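Asks: Produce the complete structure using the sequences and hints provided.
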Amino acid sequence: MVWLFGLLWPLLGIHADGTLSFTRAFNVWFYIFAVTLVIVVVVVLQKQGILDGFGRSLGAGKTGLTAVYARTPQWAWIAAVAVLALVFPMFTGRYEQDVAINVLVYVCLGLGLNIVIGLAGMLDLGYIAFYGVGAYTYALLSVNFQIPFWLSLPVAAFTACIAGCIIGYPTLRMRGDYLAIVTLGFGEIVRIILNNWMELTNGPNGILGIKAPGIFFPSFAEGFSLEHLYLKKLHYLYYVILLLAVFTVIAVRRLNISRIGRAWEAIREDETAAELMGVNTYRLKLLAYAMGAIFAGLAGAFFAARVRFVSPESFTFLESATVLAMVVLGGMASIPGVILGALALIVLPEIFREFELYRMLCLGGAMVMMMVFKPSGFIAAKRLGRRSEEREG
Amino acid sequence: MTTAPILELRDVHTSYGNIKALKGISLSVYPGEIVSIIGANGAGKSTTLMSICGIIPLKAGEVRYNGQAIQGKPADLLPPMGLCQVPEGRRIFPRLSVEDNLDMGAFFRRDKDEISKDREHVFALFPVLKDRRNQHGGTLSGGEQQMLAIGRALMSRPKVLLLDEPSLGLAPLIVQKIFEIINEINREDGTTILLVEQNANIALQTAQRGYVLETGAIIMEDEAQNLLNNPEIRKAYLGES
Amino acid sequence: MEFFLQQLINGLTLGGIYALIALGYTMVYGIIQLINFAHGEFFAAGGYMGVILLSFLAGQGYLQTHPWLCLGGAMLLAMVFCAFLAMAVEKVAYMPLRKSTRLAALVSALGMSIFLSNGLMLTQGVYDKPYPAAFSQGGFEFGNIVVSYLQIMIVLITIGLLIFLNILVFKTRIGKAMRATAQDKVMSALVGINSNKIISLTFAIGASLAAAAGIMVGLYYGSVNYTMGFVPGIKAFAAAVLGGIGNITGAMLGGLIIGMVEIFGAGYISGQYKDVFAFIILIAVLYFRPTGIMGENVDDTRV
Numbered sequence: 001m002v003w004l005f006g007l008l009w010p011l012l013g014i015h016a017d018g019t020l021s022f023t024r025a026f027n028v029w030f031y032i033f034a035v036t037l038v039i040v041v042v043v044v045l046q047k048q049g050i051l052d053g054f055g056r057s058l059g060a061g062k063t064g065l066t067a068v069y070a071r072t073p074q075w076a077w078i079a080a081v082a083v084l085a086l087v088f089p090m091f092t093g094r095y096e097q098d099v100a101i102n103v104l105v106y107v108c109l110g111l112g113l114n115i116v117i118g119l120a121g122m123l124d125l126g127y128i129a130f131y132g133v134g135a136y137t138y139a140l141l142s143v144n145f146q147i148p149f150w151l152s153l154p155v156a157a158f159t160a161c162i163a164g165c166i167i168g169y170p171t172l173r174m175r176g177d178y179l180a181i182v183t184l185g186f187g188e189i190v191r192i193i194l195n196n197w198m199e200l201t202n203g204p205n206g207i208l209g210i211k212a213p214g215i216f217f218p219s220f221a222e223g224f225s226l227e228h229l230y231l232k233k234l235h236y237l238y239y240v241i242l243l244l245a246v247f248t249v250i251a252v253r254r255l256n257i258s259r260i261g262r263a264w265e266a267i268r269e270d271e272t273a274a275e276l277m278g279v280n281t282y283r284l285k286l287l288a289y290a291m292g293a294i295f296a297g298l299a300g301a302f303f304a305a306r307v308r309f310v311s312p313e314s315f316t317f318l319e320s321a322t323v324l325a326m327v328v329l330g331g332m333a334s335i336p337g338v339i340l341g342a343l344a345l346i347v348l349p350e351i352f353r354e355f356e357l358y359r360m361l362c363l364g365g366a367m368v369m370m371m372v373f374k375p376s377g378f379i380a381a382k383r384l385g386r387r388s389e390e391r392e393g
Numbered sequence: 001m002t003t004a005p006i007l008e009l010r011d012v013h014t015s016y017g018n019i020k021a022l023k024g025i026s027l028s029v030y031p032g033e034i035v036s037i038i039g040a041n042g043a044g045k046s047t048t049l050m051s052i053c054g055i056i057p058l059k060a061g062e063v064r065y066n067g068q069a070i071q072g073k074p075a076d077l078l079p080p081m082g083l084c085q086v087p088e089g090r091r092i093f094p095r096l097s098v099e100d101n102l103d104m105g106a107f108f109r110r111d112k113d114e115i116s117k118d119r120e121h122v123f124a125l126f127p128v129l130k131d132r133r134n135q136h137g138g139t140l141s142g143g144e145q146q147m148l149a150i151g152r153a154l155m156s157r158p159k160v161l162l163l164d165e166p167s168l169g170l171a172p173l174i175v176q177k178i179f180e181i182i183n184e185i186n187r188e189d190g191t192t193i194l195l196v197e198q199n200a201n202i203a204l205q206t207a208q209r210g211y212v213l214e215t216g217a218i219i220m221e222d223e224a225q226n227l228l229n230n231p232e233i234r235k236a237y238l239g240e241s
Numbered sequence: 001m002e003f004f005l006q007q008l009i010n011g012l013t014l015g016g017i018y019a020l021i022a023l024g025y026t027m028v029y030g031i032i033q034l035i036n037f038a039h040g041e042f043f044a045a046g047g048y049m050g051v052i053l054l055s056f057l058a059g060q061g062y063l064q065t066h067p068w069l070c071l072g073g074a075m076l077l078a079m080v081f082c083a084f085l086a087m088a089v090e091k092v093a094y095m096p097l098r099k100s101t102r103l104a105a106l107v108s109a110l111g112m113s114i115f116l117s118n119g120l121m122l123t124q125g126v127y128d129k130p131y132p133a134a135f136s137q138g139g140f141e142f143g144n145i146v147v148s149y150l151q152i153m154i155v156l157i158t159i160g161l162l163i164f165l166n167i168l169v170f171k172t173r174i175g176k177a178m179r180a181t182a183q184d185k186v187m188s189a190l191v192g193i194n195s196n197k198i199i200s201l202t203f204a205i206g207a208s209l210a211a212a213a214g215i216m217v218g219l220y221y222g223s224v225n226y227t228m229g230f231v232p233g234i235k236a237f238a239a240a241v242l243g244g245i246g247n248i249t250g251a252m253l254g255g256l257i258i259g260m261v262e263i264f265g266a267g268y269i270s271g272q273y274k275d276v277f278a279f280i281i282l283i284a285v286l287y288f289r290p291t292g293i294m295g296e297n298v299d300d301t302r303v
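Chains as they are written, first to last, in our numbering: chain A, 1 to 393; chain B, 1 to 241; chain C, 1 to 303.
If you are wondering where the hints come from, they were derived from the structure by calculation, not from laboratory data.
For each label pair, taking beta carbons as the anchor points, the in silico distance ranges come out as:
#1 C:V186 x B:D222: 29 to 39 Å
#2 A:N280 x C:S270: 33 to 43 Å
#3 B:G239 x A:N280: 41 to 51 Å
#4 B:E120 x C:F170: 16 to 26 Å
#5 C:P290 x B:P172: 36 to 46 Å
#6 B:D113 x C:G59: 48 to 58 Å
Computed from a prediction, not measured in an experiment: that's the story for all the values here. Beta carbons: idealized from backbone N, C-alpha and C, even for Gly.
Replies: Shown next as structure tokens:
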């Protein structure tokens with residue numbers, strides 16, 4: 001580890017005009033160095049057993065907590081979270097609501113990707129393409145045909161699903177790691193098309209003037225009539241995305257415990273065995289892929305309605321990587337894990353605003369560290385094994 | 001026997017996950033002898049050899065070679081010390097030529113002249129390999145592959161040769177031939193041989209001493225001749241009713 | 001016809017560069033069955049190292065007096081640097097994951113790629129870095145076809161490196177050990193090969209080839225950027241798959257094909273969609289012949 005940093009030093013310090021100036025490199029490495037130092041100190045202390053007492057009290061607290069958790073019925077927790085989520089906008093300002101909306105969008109995306117990666121075990125690196133498809137679908141419908149948000153939502157899901165099938169059809173026969181690179185390629189293709197198809201997408205300039213979602217509001221001013229309102233206020237949008245997120249959570253949960261979910265997990269654990277047991281692996285993989293695409297499409301449509309502007313910039317590979325990181329860091333195949341991952345990856349950068357530049361750097365580093373030290377994520381799924389064909393060797 | 005064993009296992013335990021594979025194996029091999037371990041499928045024969053070679057980590061116990069504890073040593077340091085294994089299923093490098101396969105056996109050696117001398121020695125033992133020297137290892141027949149695997153091991157000039165099921169999947173005539181060569185290696189080069197076999201008959205005929213392994217533990221240890229005559233062994237492993 | 005020949009030459013240049021990058025992918029995949037996503041970043045780091053060293057030399061005035069010597073030196077240094085960088089990356093991000101799931105290793109590789117490219121951005125800046133213009137001028141002209149000295153140089157260096165690699169992998173003891181390790185890790189340990197060292201070496205070789213490619217791309221296009229590793233990385237991977245992953249000759253051939261397809265696609269079909277062609281080829285190959293054009297059947301050149 002130290003070796004790596006030592007090596008990166010010279011590269012980062014020398015400037016292109018031939019002069020040597022280390023100030024900027026120094027800043028970067030200073031932060032990294034400080035963080036590493038803290039980690040090293042903690043590890044050393046732990047090794048020497050100094051933290052044992054601390055750990056024990058922590059452990060005691062943890063067991064206490066789990067006891068409380070076990071005693072409280074599940075519905076109470078869900079209700080508490082639901083109430084908290086419902087009253088959230090009433091006590092918070094614009095900024096917090098904005099962040100919360102972001103978190104919820106990524107929860108939808110993360111859970112969708114979780115179907116593909118966590119449940120069916122396929123590494124999809126072009127996931128953001130479906131988000132883009134969903135967003136552009138609503139954008140085009142809204143701008144060209146004035147079709148309202150709620151009608152477009154299923155259409156966006158449908159087009160994303162179709163896109164998923166088109167991409168999935170040729171690729172899903174491939175083995176895991178080929179799939180990763182091909183989906184990555186497809187993600188890029190979609191972005192390039194969005195960027196270059198001027199007639200349809202207005203290219204890199206994007207599409208402006210997308211309508212916000214509207215609802216019919218009963219109005220009693222002149223008798224009874226339904227009034228159409230555009231939900232431009234942030235807290236209304238918050239409720240819309242909350243609805244979508246809750247829908248996603250419930251849907252993914254139902255899928256997870258259904259027959260299909262178990263089949264997906266069987267494919268993840270051992271594709272050959274699953275096939276031999278009569279699981280139609282290809283069709284189920286395609287289904288997982290399409291399902292993931294649907295949720296991305298929904299989130300995309302909301303994104304378009306919320307920002308009211310779409311451009312290819314929003315759908316780069318780095319977005320895919322961020323969503324992937326959420327799933328991976330939070331815990332593959334685990335719904336609370338993915339929610340936690342989304343929360344962490346959106347909220348933490350907001351807190352550490354001044355370190356904005358280092359966001360992706362830390363993200364990359366965190367992905368590596370997480371895989372090395374705790375590959376199952378913060379909240380590991382209960383049913384998670386490993387592919388039998390990888391065991392040997 | 002009064003000399004010190006060249007290879008000794010003391011109460012070796014290993015496991016795959018929660019499944020215990022070896023439950024306290026102890027055995028000794030003395031310089032210059034042929035010892036065979038016989039046992040049924042899944043008794044832990046290959047696991048024993050892989051544990052000796054450091055491929056499978058020990059849970060407990062000790063492996064001593066030449067009086068030195070070698071458990072926990074990386075596998076790749078053992079061949080230079082003179083401990084070499086011909087693994088089950090031969091494990092020829094399929095896309096390397098016969099000659100390159102042999103050269104890999106001498107990977108850690110730098111003495112080029114001696115290496116080519118040893119190569120000629122192997123070719124003398126197995127003339128068929130010389131004819132096929134430029135062919136890929138994967139294109140050889142089973143018997144030829146077994147010969148190549150033994151030849152490859154010999155290229156490292158082993159003091160102790162561990163052989164895992166050399167008769168596996170081979171026609172009786174070839175098996176006969178391979179075991180003649182094993183005897184020859186033992187006689188001519190003075191190589192100590194630890195032989196693991198399911199084919200108890202031929203293994204005990206070749207070996208001086210034998211161990212019987214059953215579900216991860218040694219249940220019997222004796223002179224090979226005595227084992228061959230033991231009615232229980234005859235019944236369980238030699239197919240007599 | 002002239003246009004065609006010109007494109008052929010451009011395609012050859014680009015294809016050679018892709019081939020160099022693809023070799024790193026294919027060798028690493030051959031030995032540990034991992035797509036090394038960070039490989040594109042080694043390529044970018046090589047390009048940056050080249051710009052740094054050459055600018056430094058230009059600043060000192062050496063570049064103007066001994067251009068070829070400087071280029072050779074810079075390239076060698078950059079290759080050595082990237083070799084060490086790759087070994088360090090392998091130690092940190094891949095070695096601990098040797099026994100874990102494939103997905104975990106892939107995610108780790110992806111994380112490393114993001115980490116490295118952002119590291120480059122943070123320390124070298126967001127904007128393009130121009131290469132000192134000591135080599136870009138001049139060339140041969142045949143009618144309307146222009147072959148710049150730079151192109152000739154790139155092709156020559158590429159061929160030289162490819163020949164060197166072939167000798168290394170197929171004739172030397174270490175190369176044979178690499179192939180042995182790729183074919184059977186347990187057995188290679190049993191004959192005394194330290195697979196960790198060999199894997200490390202494989203990463204080093206692949207990365208140094210990528211570094212050379214990075215410098216040549218920098219010279220060819222005149223500048224480098226921190227994102228430059230991403231798209232060529234995917235295309236080179238496409239080349240590696242096209243040639244049959246794990247297969248060294250295949251990777252060279254695949255690189256050439258991808259380079260040609262891209263140049264001709266851009267020239268005859270559409271320049272805007274030039275990045276798409278490589279992916280379409282990749283998908284088509286994987287769909288119709290997953291083992292690649294040189295895969296499995298002609299497998300004597302597999303690592």
